[in-house]
Amino acid sequence: MLTPAAARGGATGRVLFVAREPDETLRTFLPVIDCLRERHGLASRVLFHHTPGEWARHELARRCVGTREVPLPDRGLGWAFLAHGGGSSSAARTVDEICRFWRARRLARNLLDCERPSAVVVIQDTLLLERFLVRQANRLGLPTIVIQWAFSFPQALYDRLRSIQYAQSQNDPGSAPSTLRRSLRPLTRATYRAILAGLGLSFDLVNSYGGGEARIFAVMGEAFKEQYLAQGVRNKRVVVTGHPAHDAAHARATSPSEGERRATRERYGLPLDRPLVLYATQPVLWRRVIGPAELRANVTAIADAVARAPGMPQLVLKLHPRERPEDYAFCEQLTPPVRLISRADMADLIAASDAFISSSSSTVLLAMMLARPIVTINFNQVPHFDFFESIGGTLHTRTPDEFGQAIELALGDEPTRKRLAQEQQAVLARYAMFDGDATERVAGLIVEAIAESGKLAGAA
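According to our numbering, the sequence shown is numbered sequentially starting from 12.
Be a bit skeptical, because a hint or two may be false.
Pair ranges (Cβ atoms, derived) [unchecked claim]: (1) A54 / E32: 21 to 27 Å; (2) A462 / D315: 55 to 61 Å; (3) A241 / W297: 26 to 32 Å.
By construction, these hints were calculated from the structure, which means they are not laboratory data. All values derive from a computational prediction rather than experimental measurement. All C-beta atoms in this analysis are idealised placements derived from N, C-alpha and C, irrespective of residue type, glycine included.
Could you build the full structure based on these sequences and the hints that come with them?
So, in structure tokens, the structure goes:
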């Protein structure tokens, strides 16, 4: 195993980026990878712990960026223990989790021993492999950086969402623990924590994207810095940098081109002669906050309202990366049919649209940056889908009737559009650094951290 001094002395001079699934997270890294190479002369390498898709492979190959794929530790001794009648399912899960932690730690050490990077950059340092990579990199004296990749809600909203997701299993009488198990739970929990601590596998994690042990956390805007600090993120430098993927939106916003809008519509086979309404969907089935019947009813209501709006607008659904097109197959049966797009550059589609719809997503911020009138929806009382109502910049609706009125205002009422534009600027001032320089700030942060680690090595 490398000693800290050996790791610094034998580093490759390249930055190791750890890409989590889905592949859309790579969009956060790509501008930084380009900037590190072009402006700072630093190479990069991307580590996948999933099988990357065609788009990810293509983008990295054309940049000549090396990649490495590793499998995450899967079910191990605990499940074998259970399969052979060795004990209760809870005991098997506990044994299995300890085994997975142990194997993840060994994998992380081997990866850093082999890759010898100058810095480790992750999307989220609370995930299984990332937390061990970050911890080992810290021990080797390597800079560790988290880049916030998506809009993050206050933890209270995630807690409410989790309670909805697991309400059915919690209410199942057959799943209720016995009196004995309830009485033993504090003791077994304390024993479990003691075992993890004794094996060096314990983490004191904060429920946020950057709630692990990385030394630096680059966030989108001042509001997120305040949020993460309030949630308990500590022992790291939290820096407001803006988001790298927003720089392309800034370039489009400052030099709008009707030709680019037309080219985007032609590329995706969208109408050129009528308004375009873009709906960025959310993974509601994957999160289990509503079912297929509710999803179909929601989309049908939205499609009907858009079809009734002046100018015969075309509704286009851009599916979330975690969604399956087959779950939206019914859209072809609607009158008029609704167009589905699974993969596309969101900034291109938003810039080419005349109004934007979502529930709650990072894409709402992107639509604000591109000055689109926005209608947010929450037809099913999902807690975090009301978030943008409180911060402004959108027409928020809770029923199909409200949505029908809102989409007409968004498309054609100039006072409403001007008011939304003013509110959106106030939102962006707190939730983003929208000046086109986010990529350089993030890259500079990485370069600065590498240089600082070199100084520390020299002092040692």
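Structure-based check of each hint:
| no. | hint | result |
| --- | --- | --- |
| 1 | A54 / E32: 21 to 27 Å | 24 Å, holds |
| 2 | A462 / D315: 55 to 61 Å | 58 Å, holds |
| 3 | A241 / W297: 26 to 32 Å | 28 Å, holds |
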